[in-house]
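Enquirer: If you want our numbering, it's the position in the sequence shown, counting the first as 1, plus 24.
A portion of the hints provided could be inaccurate.
Claimed, not checked - For lysine-lysine, the following DSS-like pairs were computed, each having C-alpha atoms within a straight-line distance of at most 30 Å: (1) K760 to K578; (2) K760 to K428; (3) K428 to K443.
Said to hold, decoys possible - Derived Cβ-Cβ restraints for the label pairs, each shown as a range: (4) A130 to P356: 18 to 28 Å; (5) A582 to L795: 35 to 45 Å; (6) A374 to T496: 36 to 46 Å.
Calculated from the structure, these hints are not laboratory results. For every residue, glycine included, the Cβ atom is placed at its ideal position computed from N, Cα and C.
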Amino acid sequence: MHKLFSSLATLVFLGSTVAPAAMAQSLLSDAPAVSPTATPTENPVVSLQGLGQSTILSTRPAQALVTAAGRDANLAAFEQPRSALRLEGEDDVINLTFLLDAQNIAAGGDLVLAYRNAVSVMPESSLVSVMVNGAQVGEFPVRSPSGFDTQSIAVPSSVLRAGVNQVRLRAVQRHRVDCSMEATYELWTEFDGQMSGFRSGSAIGSDNFASLRTVGRNGRGLTDLRLILPQGSGEAALNRAAPMIETLALALNRDDVSVTVAETPGTGPGIDVLLAADDDVPSLQAISGDTPYGLSIAAGADPARRKVVLRSANGNEISAMLLDAINGPLKPVLDSGIRAQRPGEIRTEASTSYTLADAGYVPAPFSGRLFRTRFDMIMPADFYPAEYATLDLALHAATSPGLKPTSQLLVRVNDQIVKSLPMRDADGEVFSGRRLELPLRAFRPGRNQIELLAELERPADDRCIFAERNETVPRFILLDTTEIRVPALARVARLPELAALAGTAYPYEGSAAVRVHAMKPDAASISTALTMIAKMSIAARAPLLAQLNFGAPKAGAAGNALVIASRSAADELSQSGSGGLPPVAQAIDFTSGFDEIDPMATASVNLPGVAIPLAMTTDPAALLDAFRQTTRNSGEGGTFSSRLTSTVNDFFRSLRQWLNYQNGTDAASMTDPRRKAVLTQQPNDSGDGTVTWLTAETALDMSEVSEMLSDPAVWNRMEGESVVFDLDARTIRTVKPGSYFAHDLNDYGPGNLRRIAAAWFSDHFRIYVVLVIALMAVFAIWLGRMVPGSGVRTDR
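Required output: the full structure, derived from the provided sequences and hints.
Expert: Shown next, in the form of structure tokens:
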């Protein structure tokens, strides 16, 4: 029945569209990413290149004004995650949404915004304007650098509408003392997602499924989905509950869902999930006797909490009841949420054109020094990024007279600048479809973050006299008719690639079953497994055919699998094989594992950036590479051949960094986190599927990495073969694979095969160079033999 439900539910959910906002970062090498007064835990992005690593991303949340436990139960939360609630630069816009019932419209309400800003923001000339459903409802000055300040803006009932309401926040920010381009990167205003939202004038109902999307977030800034199971529950209970967890994650339409499994209900904002069957007596103890059959919702014991119950006469009815809910009361919630187009996102198809209007961009004249807009592009999971074509941006924009000749437009893809357009005409320019070629290698399967920036300085900016500023004269305008033209793509799925898993749940989406293994049935491992399933369902926009199991995967098992394991269990499995492991318990252990280490030493003491000696690094490939780099010059000069080989290797390493948009000067010293977890992909033993491993040292470490995976700021940055989670610094390090393997090829047409060949040669340019030289040599030999004998007279 579980497989039947998942197959039908997948068909129900197919055909939708979704996206979180990209995070911004300074483009200039010496430009600060945040205010100089910001603490290290607030820095959004720090670049780290070298040793096969790509980026480190800070994910530590900002300190909230109050705890989530004290949240107003009548405050409807914004649907966007914490990472989307930040305005940066001189002029920035964010789009937020909240849900409202028809009965709450007449009473109106207040838009509550708890914010703080960088100390460098000038309060006299900086403000945030607020629009709700296209109508201007108010504005307020930006003047809270020392902590969160709450603004309440009255919203009349005539502006509100039943269902999804759109909120548009625009910040115009000016620097206190600095007029340089670098200073614009110090300007920011952020909102507290726990204390912000819409407070209705009447009580928000808790007895309908739409109210689930108004639930607040917990103290970690995540949407808490808590599965309540009785003591003694095992694989069968989890497999009955997994489809319900996936369905609720999709209905919530949020990217920051965190799933936990426990015996008792939670506290604070969140949703408790219960399944009860009359033939399962322990499951009935957690619900009241008058709970109706089918899927129902009720208020939780905590006023800020909801409770969702699925009650059936027996376990075999659960799948049918859930499908009835999907096609019944959940349908309008899904249609207005996960199935609807999200602003700031474009889901691309090959050989198709899109405009900035498709991403929700609204054009407006810009009078500041640094213009920026950003959106996400979801590329197909089987997209092969390489140098066989370009993705073209047809620019429709204009600049005003009087700009410095150093003005330019920059295009950044996944935090790397890939194109610049000088705008040197002092008399102003008009760009009508100006073509900018963006290399496909800069993109990746799944989610890509695109940012357009225009640096627009005038000579008067150098004097930095505030009285001479004329903000009424615009400097730049970017039109929403600007096109993004996607070429014909090489279509072959390559693995390992965690970006495809994060962006589209590849290769786990679709009708193939996914085996999920918890090596030990402790609550932390199972919670992490359910969180991964929920996150992949949101990425795929459809439930997965997930089958949960306790213990190690069987040797030689076919298909795709996800394995959650402690590092010691993974090492034991690799040494003895799955047949040599002792049998595991078949009931969930809700308590063990959390007392293995002192939480004060690991959870409360933050030691970011602790230097670890080279000998303590655990990655063998990284150790070997670091050893070679350290000892390569320790000899007496070496032979001529060794020096030549070293020079050639250095050349190709530099060329590879250039092709992959890496900065060789960013290489960092070899360090390994004191506490870490690792997410990695590899082909299975049978060669027909992929196994994704998530390993951590302890149950507490597993819980922490589960929280990090719930954060879209982390989830959307995963790529490559492995992701290393630093649990102390709350950062990630991605590792690119040394080689890929083709997992799926559906298009055998000559056009696609030609593009794949061109892409493969661009990845293996040494072979391409050797092949070209060999062909030239063959041609030269042929020419040398044929030409001397042609047209020569002879007397014989």
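Enquirer: For each hint, tell me whether it holds in the structure or not.
Expert: Hint-by-hint comparison with the structure:
At most 30 Å may separate the alpha-carbon atoms for a hinted pair to count; K760 and K578 meet this at roughly 28 Å. Distance check on the hinted pair: K760 and K428 sit about 40 Å apart at the alpha-carbon level, beyond 30 Å; violated. Of the supplied pair hints, the one linking K428 and K443 holds, its CA atoms being roughly 19 Å apart against a limit of 30 Å. The beta-carbon spacing between A130 and P356, approximately 20 Å, falls within the hinted interval of 18 to 28 Å.
At about 36 Å, the CB distance of A582 to L795 agrees with the hint of 35 to 45 Å. Between A374 and T496 the beta carbons are some 45 Å apart, a value that agrees with the proposed interval 36 to 46 Å.
When the structure is compared with the earlier hints, a violation turns up for hint 2 alone.
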